[in-house]
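Here the protein sequences come in this chain order: A and B.
1 is the number of the first residue of the first sequence in the numbering used here; add one for each residue after it.
1 is the number of the first residue of the second sequence in the numbering used here; add one for each residue after it.
Be careful, since some hints might not be right.
In silico lysine-lysine, DSSO-like type, Cα no more than 30 angstroms apart, as pairs [claimed, not checked]:
#  : chain 1 : residue 1 : chain 2 : residue 2
1  : A       : Lys266    : A       : Lys306
2  : B       : Lys491    : B       : Lys519
3  : B       : Lys519    : B       : Lys405
4  : B       : Lys404    : A       : Lys266
5  : B       : Lys387    : A       : Lys201
6  : A       : Lys132    : B       : Lys404
7  : A       : Lys306    : A       : Lys277
8  : B       : Lys404    : B       : Lys351
9  : B       : Lys405    : B       : Lys491
10 : B       : Lys351    : A       : Lys266
11 : A       : Lys201    : B       : Lys386
12 : B       : Lys387    : B       : Lys351
13 : A       : Lys80     : A       : Lys266
14 : B       : Lys389    : A       : Lys201
15 : B       : Lys351    : A       : Lys201
16 : A       : Lys80     : A       : Lys132
17 : B       : Lys387    : B       : Lys51
18 : B       : Lys51     : B       : Lys386
19 : A       : Lys266    : B       : Lys405
20 : B       : Lys389    : B       : Lys51
21 : A       : Lys306    : A       : Lys331
22 : B       : Lys386    : B       : Lys351
23 : A       : Lys399    : A       : Lys132
24 : B       : Lys405    : B       : Lys351
Since the hints were made in silico from the structure, they are not lab data.
The lines below spell out each chain.
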Amino acid sequence: MQNLLSRLRKRLRPDTPRRGWTRWGGVCLVLGLGLGLACRWESTRAWWLERVPLKYLEALASRPHADAWVHYSLGRALAKQQRHREAVDSFGNALRALQQKENLALRARVDGELALSLVALGHHRLAVPYLKRALELDVANVPAHLALGKVLAHRQHYTVAIQEFRVVTELAPHDPEGWFALGQALNESRQPQEAEAPLRKAVELAPRESRYWLALGDCFAYRARFEEAVECFERAVQVDPDNTTAQGALVRAQSLCARTPEDYRKVRPALLQLAEKEAHNGFFQGQVGILEAQFGEEAEAERRLKLALMLLPDYPEAAYNLAMLYQRQGKRTESQRWLKRFQYLEALHRRISSLWRRLSLRPHDVELNLALGRALEEQGSDAEAAQQYRYLLRRVDPKNAEAAARLRRLEQRGAVPREPGKEALP
Amino acid sequence: MKPCAGLLGLFFLLSGLSGCGASRSEGTPLPALFVDQRAVSGVDFHQRHNKVGLNILETLGTGAALCDFDDDGYLDLVLLGENRVALYRGDGRFHFQDVTENSGLRQQGHWHGAATGDFDGDGRMDLYLCGYNCSALYRNQGAMRFEDVTAEVGVDVRPVSGTQSPEWRTSAAFVDVDHDGWLDLYVLRYVDFGPHTPQLCSRGEVMIACDPQTYDPQRGTLYRNVGGKKFVDETAQRGMAEASGNALGVACADYDNDGWTDIAVANDERPGDLFRNRGNGRFEQKGPESGTAFDAYGFVHAGMGIDWGDYDRDGHMDLFVTTYENEVKNLYRNLGTGIFADMSLRTGIAKPLHLWVSWGARFLDYDNDGWLDLMVTSGHVHDQAKKVKPQTDYPQPLILFHNKKGQTFTDVSAQAGPPFQQPLVGRALCTGDIDNDGGVDVVITNPEGQPLLLRNVTPQRGHYLAVRLRAPGNNRHGIGARITLETNQGKSIRDVQTTGSIFCANDVRAHFGLGQEDKVRGIVVRWPDGRTERFTPPVVDRTLLLHYGSGQQLTPPRPRTS
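Using the sequences and the hints given, assemble the complete structure.
In structure tokens:
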């Protein structure tokens, strides 16, 4: 060490010829390093903050002068843990902190992530202004593209949603969420064959994510490849034993694999055990009931289907199967009762679906918009009905008295929260 | 160790055997079951849409009819298209002569469906054609000439006024609903589509046909035949106003074995209709409560083709309905109590058909083993299907299922011959024994090419018996009669009908495969008037003509009600 210092001292000695440029070089180097670090400070900090455990981030964010980066990082960490409500608060804090300091890059990031969390919470329309701003600031903003795709998929504009998700997978090929969203949109738009590849990619990148296995299983089930679907649903349950949706899907796929009563007898004990565990899950009870009915276990089927309809009164599949069960038993009055209920629910569902299709062709048709709002209200989807009325009042007919009255009634009833302005999609 | 070694030995032995089998089947291809005879048949009916981006009208496709119009014992052929109708006279050797020119058949119109039946009681099969804003009822004058009596008898389409959409008739069925001896006519309608409704819908950058939910439904009409001279609309009086609409395919049979013909209708994206004949031609809607209106879970499907057949030989007519891609094609087993159970998954039909947009389908016993097999043709509705979904396509495969004793169906398309390896835009699928060789042949229409004329060349077919009826009165072909064939192996039933599949009129003869049985214990015919008679045919492998009153009477005709 001493040797090294003395050699350095010698080199910097002023009387030595050819030493001047070396000294200035050293100074420049130090200055350059400092300047570089200052320029990269934001990303260096972000990199470090991403690796800070959540509890320390929470502590940092609770300090009065915590800056936007800290709030943003905390929001991301919370969103990763699916704690979207708290994540939205953190992103909101980040935006407030950013008002004091202009940082467009960070603002774009925060807007994108906030939009994504709002979408995850089901506030699709609230997310629109944020994702719009994020994309204006940064056209390659991955969370904003993802959120936009999800909003479009929610509105059943699957083709454009799929395009958005493809952009996400190109921008962030190692992010499983993009592949998953793409696969799910393909599944929902009745293209399960195409959904297989992106969903396989998603489970390859994140094999511990139950949702991805579930979606892959769905993609097989839609194509009647029930054996493969069962494998995927089993993985989903293995990864997350508390995932009741995966359990229900597994039951259903197993039932569809069961070709004979003998096959069914094999899976039945496990099913009944699960059904007891999920005694308050109407959907699950209904699935088990349908299975029992199909394999002639009529008493058990009746019990399960009744329970399912008690827990979920608007469950058309259960109503239909209960009606068919009574029909087979010759109980005509009961059968007619449940059949009527089923037909009502089914016709309502079909009407809504038809109205959506027609609206996609004539989005400014006042009558269609109103009809859809009324149908959604009738279905009990108050939030969606309110959205529909708001859309009608803002974009189609601001003076529509019926829409205004219906919206007011929904808001007064407390069925839907009052919502700030709805924005158009970018 | 010993059992393990034994098991291993058995495994290797089985592996070796299966290997031998594989190499043998690769070396010598199995003989085909069907061959396409179109090129040598004299039929030239090429169709093609010379545009990209078809609207819903252009996607629907066209039909055909197989019927012996000139009563020479050989099936003739009618093919329908856009502004084109062709009539071919068959010679029983798969040769057809184009006799359209002097036939009197109108060309102009966007034709879809055909129905055959003797509406005027002169003993000759008449022809009804329908389509988009067009309808034509032809009285058969003999010698392959027809007289257009549409307006005269009152089955023409209504004139279009204002912004109203024209009538869109898709299929039709001749059926004697009230057993008065005159064949009535049930006409299906599809949706309200016209110049004032959306033509194309966008799917990303591609413009394709809008789906049927975009349009309001049109509903069918039941015309009662008044003395063979007039048809009167009695839809509401007969309880058929409750039809769901969006109808494409129709099939008639007596599903509840009460002696009255019932009507099943496949509806596109709406619940299927099952009209049960309560007697005297009044109907009640039984679709939802019978379990045939929806799939096993209660979901609506896009019903297209439809056919009746007792696939499990339990004495009850079962129902098969084809649907859209990624939907289960439903095989409803008749439990005999007015209720049906969806057996598509259990029987193995669901999987091979799941991806396809399936249209025409018929139960047929192609190998004459006594069990009804199933053939299904598919083809996408969207000509740009590949652009919308890269893994699908406009042409799709033709599929043949072999019935394994009423328990399961096996996809045998791979062995069935070259037509099954070449995808096509299939629509109507009509059946009949064109060459009278005892094997059921098939005609499939194709809106993007030539039709397929599939000759049944299945090797080692079983024995068979084909039955024609000669009934008294005006319904001489005995449409609506039930034929039960008894052999040592059990019973088989067929209803005498020309309906089934989609846009189709089929051979009126009832065809029975007998397998190895070369003797028939008896044939019981329940005539449309309710009288049952027993016949004892001396030989098999031929077409029998059974006359009313020439058999041993089992029950007398039912008394006439007013």
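Against the structure, the hints come out as follows:
1. For the suggested pair Lys266 (chain A) and Lys306 (chain A), the alpha carbons sit about 24 angstroms apart, so the restraint of at most 30 angstroms is met.
2. A hinted pair counts as satisfied when its Cα atoms are at most 30 angstroms apart, and Lys491 (chain B) with Lys519 (chain B) qualifies at roughly 13 angstroms.
3. For the suggested pair Lys519 (chain B) and Lys405 (chain B), the alpha carbons sit about 20 angstroms apart, so the restraint of at most 30 angstroms is met.
4. With a C-alpha separation of about 25 angstroms, the suggested pairing of Lys404 (chain B) with Lys266 (chain A) holds against the 30 angstroms cut-off.
5. Taking the CA atoms of Lys387 (chain B) and Lys201 (chain A), the gap is about 23 angstroms. The hint holds against a cut of 30 angstroms.
6. In summary, the hint linking Lys132 (chain A) to Lys404 (chain B) is not supported, as the alpha carbons are separated by about 60 angstroms, beyond the 30 angstroms threshold.
7. Taking the CA atoms of Lys306 (chain A) and Lys277 (chain A), the gap is about 17 angstroms. The hint holds against a cut of 30 angstroms.
8. Straight-line distance between C-alpha atoms of Lys404 (chain B) and Lys351 (chain B) comes to about 16 angstroms, which keeps the hinted pair within the 30 angstroms bound.
9. As the CA atoms of Lys405 (chain B) and Lys491 (chain B) are separated by approximately 13 angstroms, the hinted pair is consistent with the 30 angstroms bound.
10. The hinted pair formed by Lys351 (chain B) and Lys266 (chain A) meets the criterion: a straight-line CA distance of about 22 angstroms does not exceed 30 angstroms.
11. Our distance criterion of 30 angstroms between C-alpha atoms is met by Lys201 (chain A) and Lys386 (chain B), whose separation comes to about 23 angstroms.
12. A threshold of 30 angstroms between alpha carbons decides the hint, and for Lys387 (chain B) with Lys351 (chain B) the separation of about 24 angstroms falls inside it, so the pair holds.
13. Under the criterion of a C-alpha separation no larger than 30 angstroms, the hint pairing Lys80 (chain A) with Lys266 (chain A) is inconsistent with the structure, at around 39 angstroms.
14. Distance check on the hinted pair: Lys389 (chain B) and Lys201 (chain A) sit about 19 angstroms apart at the alpha-carbon level, within 30 angstroms; holds.
15. Restraint check: the Cα-Cα separation between Lys351 (chain B) and Lys201 (chain A) comes to about 25 angstroms, which is no more than 30 angstroms; the hinted pair holds.
16. Proximity of Lys80 (chain A) to Lys132 (chain A) is assessed by CA-CA distance (about 22 angstroms); at most 30 angstroms being required, the pair is judged to hold.
17. Straight-line distance between C-alpha atoms of Lys387 (chain B) and Lys51 (chain B) comes to about 15 angstroms, which keeps the hinted pair within the 30 angstroms bound.
18. With a C-alpha separation of about 16 angstroms, the suggested pairing of Lys51 (chain B) with Lys386 (chain B) holds against the 30 angstroms cut-off.
19. With a C-alpha separation of about 25 angstroms, the suggested pair Lys266 (chain A) and Lys405 (chain B) falls inside the 30 angstroms cut-off, and the hint holds.
20. Simply put, Lys389 (chain B) and Lys51 (chain B) have alpha-carbon atoms about 19 angstroms apart, close enough for the 30 angstroms limit, and the pair holds.
21. Only pairs whose Cα atoms come within 30 angstroms are accepted, and Lys306 (chain A) paired with Lys331 (chain A) is accepted, the gap being roughly 15 angstroms.
22. Pair hint Lys386 (chain B) plus Lys351 (chain B) holds up; C-alpha atoms about 21 angstroms apart against a cutoff of 30 angstroms.
23. Taken as a hint, the Lys399 (chain A) and Lys132 (chain A) pair is honoured in the structure, with Cα atoms around 27 angstroms apart against an allowance of 30 angstroms.
24. With a C-alpha separation of about 19 angstroms, the suggested pair Lys405 (chain B) and Lys351 (chain B) falls inside the 30 angstroms cut-off, and the hint holds.
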